[in-house]
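The sequence shown begins at 930 in the working numbering and counts up one residue at a time.
Hints may contain errors.
As the list claims (entries may be wrong) - Label pairs and their computed distance ranges (CB to CB): (1) P987 with A1135: 33 to 39 Å; (2) D982 with I1030: 43 to 49 Å; (3) E957 with K1061: 44 to 50 Å; (4) E1005 with G1096: 31 to 37 Å; (5) E1005 with A1135: 34 to 40 Å.
Please keep in mind that the hints were generated in silico from the structure rather than gathered at the bench. Don't be surprised by glycine CBs; every beta carbon is placed ideally from N, CA and C.
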Amino acid sequence: MENTEKETIVIVGGAGGIGHATVRKYAEVGATVIIGDINEIAAKNLLDKSGDDVHYFPVDMMRYESIRDFAQKIKEGFGTVTHLINLAGGSLPDETVDNGIETVDPETISRSIDLNLKSHLYLVREFLPLIKADSSPNKTITLISSVNALMSFGQPAYSSAKAGMIGLVHSVANELGPYNIRINAVLPGTTPTPKCYEFLEKSFDALRNASALKRLSTPEDIAGAIYAVTHFMTSMTGQYIVADAGQTITYYYK
């Protein structure tokens, strides 16, 4: 199922590093692409490079009302949605890999859970009627979690939220099946993006050496994994795939 000409793709967090690559991937195959992001400047810069059928609507994933209004605007402007991809989220600067759980303050825990788990629940809830209404034989929801969901890479609040996303995928797959909607997660490893450079640039060499492939995944690698989930792996639902250049196979964290 590669023909996306009549499909509508919503990419939340599309203005980020992996988001850029994902928007370009779907725009290249002729889909209608809608970027949802809080970063208006970055999103509009991407619009200028991405063709006429790429659109932008602001959304603050930390506010349920903003997510609800975002979905309503998509309904009014486009009617239905074929594929929903949520890349929004990330670790917070107040929770580093060296923080033990006793050192993470309650406010940071709450904000990380809100950003990396609750926002995904809200998004699925609000967009599900738009996806149900779409007539495509191939409809999907793809959430972007992290290898932190699987292994001990520190950051207990962030890692707990990312693991919760896998629980979300598992818990609603049966519910969505009768509507021919597949839901899955992609778990990237360390992926050099502008945001990632702020936190991990000094660790990149060590992380490369600790991976099976002796390299890190690129944003294009993750975009390709997302595209495979939405358009090639068409019997896959309620599952996750890891795209990490082999970090989780070889990496030892202490």
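Evaluated hints:
no. : hint                         : in the structure
1   : P987 with A1135: 33 to 39 Å  : holds (37 Å)
2   : D982 with I1030: 43 to 49 Å  : holds (46 Å)
3   : E957 with K1061: 44 to 50 Å  : violated (27 Å)
4   : E1005 with G1096: 31 to 37 Å : holds (32 Å)
5   : E1005 with A1135: 34 to 40 Å : violated (49 Å)
Hints 3, 5 from the earlier list are contradicted by this structure; the remaining hints agree with it.
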